[in-house]
Amino acid sequence: MGYRTDKTKLDRVLTELGSKYQIFAPAWDKRRKSVRFRSIRTADEIVLDRQSDFSIKETYYPISQVMMYFQTDNIKEAPVADPRDILIIARPCDLNSIRRLDKIFGDNGEPDYFYARLREKVRFVLLECRQGFEDCFCVSMGSNISDDYCMALRLEKNDAGELSEILVKTCDDEFDAFFRGEQEAPFEPEFVRENKKTMRIPDISRKNLKAVSDLEYWSQFDEKCIGCGGCNTVCGTCSCFDTSDVLYGDGRGDGERRRIWSSCMLEDFTETAGGARSRNTRGANMRFKVFHKFYDFKARFGEENMCVGCGRCDMRCPKDISFFDAVNGLNEETEKL
Amino acid sequence: MWTKNVSEKIDNIMKPEAHRILGITHETQAEFTFRVAFDAPFEDGQFCMLSIPKFGEAPISISGRGEGYVDFTIRKVGRLTKGLFDLREGSTLFLRGPYGSSWPVEDVFAGPDKTLVVISGGTGLAPVRTTLNRFYDNQDQIKDLYLISGFKDMDAVLFDEDREKWAKAEKFHTLYTLDDSEAPGFETGMVTAHLDKIPFESFGDNYCVAVVGPPPMMHFTALGLMKLGVPAEKIWVSYERKMQCAVGKCGHCKINETYVCLEGPVFHYPRARELFD
Numbered sequence: 002m003g004y005r006t007d008k009t010k011l012d013r014v015l016t017e018l019g020s021k022y023q024i025f026a027p028a029w030d031k032r033r034k035s036v037r038f039r040s041i042r043t044a045d046e047i048v049l050d051r052q053s054d055f056s057i058k059e060t061y062y063p064i065s066q067v068m069m070y071f072q073t074d075n076i077k078e079a080p081v082a083d084p085r086d087i088l089i090i091a092r093p094c095d096l097n098s099i100r101r102l103d104k105i106f107g108d109n110g111e112p113d114y115f116y117a118r119l120r121e122k123v124r125f126v127l128l129e130c131r132q133g134f135e136d137c138f139c140v141s142m143g144s145n146i147s148d149d150y151c152m153a154l155r156l157e158k159n160d161a162g163e164l165s166e167i168l169v170k171t172c173d174d175e176f177d178a179f180f181r182g183e184q185e186a187p188f189e190p191e192f193v194r195e196n197k198k199t200m201r202i203p204d205i206s207r208k209n210l211k212a213v214s215d216l217e218y219w220s221q222f223d224e225k226c227i228g229c230g231g232c233n234t235v236c237g238t239c240s241c242f243d244t245s246d247v248l249y250g251d252g253r254g255d256g257e258r259r260r261i262w263s264s265c266m267l268e269d270f271t272e273t274a275g276g277a278r279s280r281n282t283r284g285a286n287m288r289f290k291v292f293h294k295f296y297d298f299k300a301r302f303g304e305e306n307m308c309v310g311c312g313r314c315d316m317r318c319p320k321d322i323s324f325f326d327a328v329n330g331l332n333e334e335t336e337k338l
Numbered sequence: 604m605w606t607k608n609v610s611e612k613i614d615n616i617m618k619p620e621a622h623r624i625l626g627i628t629h630e631t632q633a634e635f636t637f638r639v640a641f642d643a644p645f646e647d648g649q650f651c652m653l654s655i656p657k658f659g660e661a662p663i664s665i666s667g668r669g670e671g672y673v674d675f676t677i678r679k680v681g682r683l684t685k686g687l688f689d690l691r692e693g694s695t696l697f698l699r700g701p702y703g704s705s706w707p708v709e710d711v712f713a714g715p716d717k718t719l720v721v722i723s724g725g726t727g728l729a730p731v732r733t734t735l736n737r738f739y740d741n742q743d744q745i746k747d748l749y750l751i752s753g754f755k756d757m758d759a760v761l762f763d764e765d766r767e768k769w770a771k772a773e774k775f776h777t778l779y780t781l782d783d784s785e786a787p788g789f790e791t792g793m794v795t796a797h798l799d800k801i802p803f804e805s806f807g808d809n810y811c812v813a814v815v816g817p818p819p820m821m822h823f824t825a826l827g828l829m830k831l832g833v834p835a836e837k838i839w840v841s842y843e844r845k846m847q848c849a850v851g852k853c854g855h856c857k858i859n860e861t862y863v864c865l866e867g868p869v870f871h872y873p874r875a876r877e878l879f880d
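The listed protein sequences correspond, in order, to chains S and A.
Quick note on numbering: the working numbering labels position 108 of the first sequence as 109, and the sequence is numbered without any gaps.
Quick note on numbering: the working numbering labels position 9 of the second sequence as 612, and the sequence is numbered without any gaps.
Don't take every hint at face value.
Non-contacting residues of chain A with respect to chain S, defined by C-beta distances greater than 10 angstroms in every case (computed) [to be verified]:
(1) G669
(2) K717
(3) L781
(4) G788
(5) T791
(6) F823
Quick list of simulated restraints, FRET-style, between CB atoms [what the hints assert, rightly or not]:
(7) E877/A to R13/S: 57 to 63 angstroms
(8) G303/S to D763/A: 47 to 53 angstroms
(9) D86/S to D740/A: 55 to 61 angstroms
(10) T73/S to T791/A: 37 to 43 angstroms
(11) D86/S to A643/A: 50 to 56 angstroms
(12) G303/S to L831/A: 37 to 43 angstroms
(13) P715/A to K211/S: 38 to 44 angstroms
(14) D149/S to P715/A: 36 to 42 angstroms
In silico BS3-like links for lysine-lysine, alpha-carbon gap of 30 angstroms or less [to be verified]:
(15) K77/S to K685/A
(16) K10/S to K612/A
(17) K77/S to K34/S
(18) K679/A to K208/S
(19) K618/A to K77/S
(20) K299/S to K612/A
(21) K685/A to K320/S
(22) K607/A to K104/S
(23) K299/S to K225/S
(24) K208/S to K830/A
None of these hints come from the bench; they were simulated from the model.
Heads up, the beta-carbon is just placed ideally off N, CA and C, and yes, glycines get one too.
With the sequences and hints as input, model every part of the structure.
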């Protein structure tokens, strides 16, 4: 059901929803000076004029989480901090990104308990995206469209930065109940149909994998990349983590085990206790990352590539390496093979 | 699958359990074997994730089995060292597992008409020790067993008791080597230098080779074997990678489409040689 509404009403709905849901949307984080998915209370907190810096990932897969507490001879799982469900207001690229983490944490070996505990709370509100931004290439990756939402919003701001048009589409009774009685208006969210950038996905398979791996192409990243891992941090489909134990130093062996986001671009990502590393150059790490996003995830799980074309890695890189250019450039090379 | 309360229906695969340490043996300056109370079923070649105090979890192969226990042989290396000293007989070791693929002992290695060749480098002897002892205890299940086990130097030599009993076993043909030095009971040179001592021509078709050790050792041993006419299909290897979860989530062990913790660590060589970093 479609409705036209105003900021006052929408804010009231958010307040009511707030008792059942933590509501996340792209919002300005003053402390970190960036646009992150944060808990919001009012609709004008939602940043509409640019892609967010980080993805939705941190709302259901925290950057750092305590998994377990060790107490002498026994172990206890850490409790979930907030009992509420999780409502994420996000664009189609992000709505599509969650499927990738679902595959890794749900379908690769046994399902992950800590992931499941938060993931099962997640519901989506589609933030209509009609144009995309400078670095987006969602259309090339098939992530410009989504129907996995319980509500959709069109939010338009005027030149003064105030919300001037709000259209709502509700998909189930729970959300429809909040808007019943409001002015009905047909609203089917539109989607981006063409980005400024088009990705030509390289044709990589088992057959040419060695040849593509051996290309001189990768060595350009040895110098350019500094191995900061920023790309993986902002990426909504990156899932790798480190586990680390912290002991409390009280002599009894009490402590906690945490899990923290990691990155294959960090130089010691593959380092064993003895100091040996499987990948020794930044070019090799770049290659590993490109393969994961554009070849082996799809090869292993079928269906789709890992990259959703959100453009955040390009926005993030402190050395201005464009992942988009890197992969398009690779396509040129693979076509020559 | 992410319906409400699905988490209540699944096991917590990251949660270890407490196991009692029954005994600790100092094999060498750098290697300890921990005998741990354990009664879950497992296959040869599998590993567990052990929680080493002050270090965190480490993937360690099961190196021995017995009634109600398993052995883990751990090399003191890097930051692992500090925590290992905190472990004592009687204290609690947290661990989870077993994980990973196993040597194809029942299906491929075992058989009264079959010959098994085992080539190990250094601590690589640990993940094959259970298989070697299985055939030592059941020599009717194998025709012949050839073992070449190499070590860097005398300080690295493991499992003296086992090596001695294998050397005396009727169906076992053993050769122990030291890379550069000389000592009684050892030949000198890396294992690759001694591969031609194995009478492959006399095995017919019914044999397998298990190779395990540091990556360069496995690589050159496999090449050396193939040069001697051993087909790739008869070789099995066991990989070692950095692991943080052992259950296909953390990404550290991944080699392109393969997760070594799920599809390995034991690999059939035709598959293993397709894996490259």
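Status of each hint after checking the structure:
Non-interface call for G669/A relative to chain S: holds, since the shortest CB-CB distance, roughly 23 angstroms, exceeds 10 angstroms. With a least beta-carbon separation of about 32 angstroms from chain S, K717/A lies farther than 10 angstroms from that chain, consistent with its non-interface assignment. With a cut of 10 angstroms on Cβ distances, L781/A stays outside the contact zone with chain S, its closest approach being about 20 angstroms. Every beta carbon of chain S lies more than 10 angstroms from that of G788/A, the smallest distance being close to 27 angstroms; the non-interface claim holds.
Every Cβ of chain S is farther than 10 angstroms from the Cβ of T791/A; the closest lies at roughly 24 angstroms, confirming the non-interface assignment. At the 10 angstroms boundary, the C-beta of F823/A stays outside the reach of chain S, the nearest C-beta of that chain being 16 angstroms off. Taking the beta carbon of each, E877/A and R13/S are about 60 angstroms apart, inside 57 to 63 angstroms as hinted. A C-beta distance of roughly 51 angstroms is found between G303/S and D763/A, which places it inside the suggested range of 47 to 53 angstroms.
The hint said 55 to 61 angstroms for the Cβ distance between D86/S and D740/A, and at roughly 56 angstroms that hint holds. A beta carbon spacing of about 50 angstroms between T73/S and T791/A contradicts the range 37 to 43 angstroms that was offered as a hint. A C-beta distance of roughly 36 angstroms is found between D86/S and A643/A, which places it outside the suggested range of 50 to 56 angstroms. Under the hint 37 to 43 angstroms, the C-beta atoms of G303/S and L831/A, about 40 angstroms apart, fit the expected range.
At roughly 41 angstroms, the beta carbons of P715/A and K211/S sit within the given window of 38 to 44 angstroms. For D149/S paired with P715/A, a C-beta distance near 59 angstroms fails the hint of 36 to 42 angstroms. Taking the CA atoms of K77/S and K685/A, the gap is about 25 angstroms. The hint holds against a cut of 30 angstroms. Taking the CA atoms of K10/S and K612/A, the gap is about 39 angstroms. The hint is violated against a cut of 30 angstroms.
Taking the CA atoms of K77/S and K34/S, the gap is near 36 angstroms; set against the 30 angstroms cutoff, the hint is violated. A distance of roughly 41 angstroms separates the Cα atoms of K679/A and K208/S; the hinted pair therefore is violated under the 30 angstroms criterion. For the suggested pair K618/A and K77/S, the alpha carbons sit about 9 angstroms apart, so the restraint of at most 30 angstroms is met. Distance check on the hinted pair: K299/S and K612/A sit about 28 angstroms apart at the alpha-carbon level, within 30 angstroms; holds.
With a C-alpha separation of about 39 angstroms, the suggested pairing of K685/A with K320/S is violated against the 30 angstroms cut-off. Among the hinted pairs, K607/A with K104/S is consistent with the structure: their alpha-carbon atoms are about 18 angstroms apart, no more than 30 angstroms. Distance restraint check for K299/S and K225/S: the Cα-Cα separation of roughly 28 angstroms lies within the 30 angstroms cut-off, and the hinted pair is therefore satisfied. Restraint check for K208/S and K830/A: satisfied, since their Cα atoms lie roughly 25 angstroms apart, inside the 30 angstroms limit.
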